[in-house]
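**Q** Sequence:
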Amino acid sequence: MPEEIEEQERIMCMRKHPDHIGVTCTKSKDHVGACSAETSTDGVRYVWNTEQEEEQKVTDPQNILPVEMPRKPEEADFKITGEARVWKGLVGAVAMLSDEATLMINKQNIHIKEVDPAHVAMVEIEAAKEAFEEWTIRLVGNIGLDISDLTRWLADSKDDELVTIETKNDIVIVTTPEITRYTMKVDTSYRSVVKVPKLELPISFTLPFKTIQRTIKLLGKSDNDHITIEAKSQTITIKSEETGHTKNSKPWVYSKKTYERKDMEDFMVNNSKIPNTTEHQEERSLFPLDYLEFPFKTGKDSPWRLFKGKDALMTSVKFTIGTDYPIKMEAKGTNIWFTYLLAPRIETE
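If you're matching positions, the sequence shown starts at 27 in the numbering used here and goes up one per residue.
Bear in mind the hints are in silico, worked out from the structure with no lab data behind them. Keep in mind the model is a prediction, meaning the values are calculated, not measured. In this text, a Cβ means the ideal position worked out from N, Cα and C, and glycines have one as well. It is possible that some hints are incorrect.
Unchecked claim - In silico SDA-like links for lysine to any residue, alpha-carbon gap of 25 Å or less: (1) K258 with P314; (2) K326 with E226; (3) K155 with E226; (4) K194 with M294; (5) K105 with P223; (6) K139 with E319; (7) K247 with P314; (8) K247 with K283; (9) K358 with D327; (10) K344 with E150; (11) K258 with Q239; (12) K194 with F104; (13) K265 with D249; (14) K194 with T177; (15) K211 with F158; (16) K221 with E291; (17) K258 with W278; (18) K258 with Y208; (19) K211 with G167; (20) K139 with K247; (21) K282 with P352; (22) K258 with K344; (23) K221 with L367; (24) K105 with A144; (25) K155 with V166; (26) K265 with F235; (27) K184 with E109; (28) K344 with G246; (29) K211 with Y285; (30) K323 with T206; (31) K139 with K265; (32) K336 with K105; (33) K243 with S124; (34) K139 with T162; (35) K258 with K221; (36) K358 with E286; (37) K358 with M294.
To be verified - Across the chosen pairs, the derived CB separations fall in these ranges: (38) Y208 with K288: 48 to 58 Å; (39) K236 with E204: 46 to 56 Å; (40) V166 with T107: 45 to 55 Å.
Using the sequences and the accompanying hints, generate a full structural model.
**A** What follows is the structure, encoded as structure tokens:
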């Protein structure tokens with residue numbers, strides 16, 4: 027090509043792209059009359075066709091400066107799918123004490139620890155990934171959730187339906203077979219870390235969940251707001267009594283239920299099974315009824331669905347007690363673990 031034609035095309039290119047001044051333009055081998063020039067100002071190579079008078083940007087992998095690429099949809103921080111009854115049990119266990127919760131999520135499990143505002147009760151619940159149908163974790167860490175929202179939304183699903191909960195940045199997405207709902211993460215960074223105390227309590231006993239659930243429900247119909255639990259070497263007695271009114275210098279008992287050792291799945295003193303003839307000092311504590319009822323209520327603010335049905339995930343509750351010490355309730359399934367601690371009411375003379 028004559029030099030004057032090349033110069034004309036270079037001038038035309040500079041008029042079209044003023045930032046190409048000082049940059050060499052060369053004739054394209056693919057298109058007659060086309061001119062291409064590279065710029066070092068924005069990291070993009072421009073191609074201009076003199077015949078078609080059109081411009082396009084072409085990505086150049088050799089550019090030193092970064093090139094903005096189309097953004098891909100945000101990946102979920104975590105995406106977990108499981109039966110509604112599992113989610114209801116986990117969320118319900120926390121909902122009985124708090125409207126918010128911090129989910130500690132790692133590659134293997136979900137872990138939640140919460141206390142009520144009055145610091146009377148504490149709940150700890152953990153679910154392994156095997157308890158769910160789908161488990162995708164991209165980021166591990168703590169995630170704050172609005173438990174009241176989740177409780178209401180999960181109530182619309184049948185226990186055997188699959189529910190997916192996932193987060194993308196600050197968005198929480200809950201998908202049921204009928205609807206997808208969105209909410210925002212909750213900032214729980216200001217909250218103190220819940221520490222579970224280590225308790226060495228003298229007596230432990232285990233009862234079927236349905237058995238103790240029925241007992242607590244019946245005792246709750248008494249005109250009293252506290253429940254006493256007494257443990258002896260042969261029996262466990264759970265009773266409703268009025269400490270303000272006495273009969274023969276003893277508390278007036280409204281109602282009670284006594285379990286013999288044969289009624290219990292397990293009974294231990296100081297972590298040892300003892301013979302039936304062994305006597306042991308009585309252990310006795312008083313607890314607020316409303317807090318003691320929480321784990322056994324058949325409502326959305328309770329973990330009871332984990333114990334529901336023939337294929338229940340958990341079936342029994344282990345109680346550990348000591349005089350004027352917190353009571354510890356534990357339930358263990360194949361892939362779910364639940365612990366509830368309740369402070370006693372200390373009687374003063």
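**Q** What's the verdict on K358 and M294, does the C-alpha distance respect the 25 Å limit or exceed it?
**A** holds (17 Å)
**Q** Would the pair K194 and M294 pass a check requiring their Cα atoms to be no farther apart than 25 Å?
**A** violated (48 Å)
**Q** CA of K344 to CA of G246, is that 25 Å or under?
**A** holds (20 Å)
**Q** With a cut-off of 25 Å on the C-alpha distance, tell me whether K258 and Y208 pass.
**A** It is violated: about 52 Å lies between the C-alpha atoms, which goes past 25 Å.
**Q** Is it true that the CA of K211 sits at most 25 Å from the CA of F158?
**A** holds (22 Å)
**Q** Hint check: K155 vs E226, CA-CA at most 25 Å. Holds or violated?
**A** violated (30 Å)
**Q** Given the hinted pair K139 and K247, is their Cα-Cα distance within 25 Å?
**A** violated (30 Å)
**Q** Are K336 and K105 close enough, with their CA atoms no more than 25 Å apart?
**A** Not OK: K336 and K105 at ~29 Å, beyond 25 Å, violated.
**Q** So does V166 sit 45 to 55 Å from T107, Cβ to Cβ?
**A** violated (18 Å)
**Q** Take a quick look at whether K139 and T162 sit within 25 Å of each other, Cα to Cα.
**A** Given that 25 Å is the threshold and the Cα spacing comes to 22 Å, the pair holds.
**Q** Verify the proposed pairing of K221 with L367, using a straight-line Cα cut of 25 Å.
**A** holds (12 Å)
**Q** Within 25 Å, alpha carbon to alpha carbon, are K282 and P352?
**A** This hinted pair holds, its Cα atoms lying about 20 Å apart.
Checked against the numbered hints above, the structure violates hints 2, 3, 4, 5, 16, 18, 20, 24, 29, 30, 31, 32, 35, 39 and 40; every other hint is satisfied.
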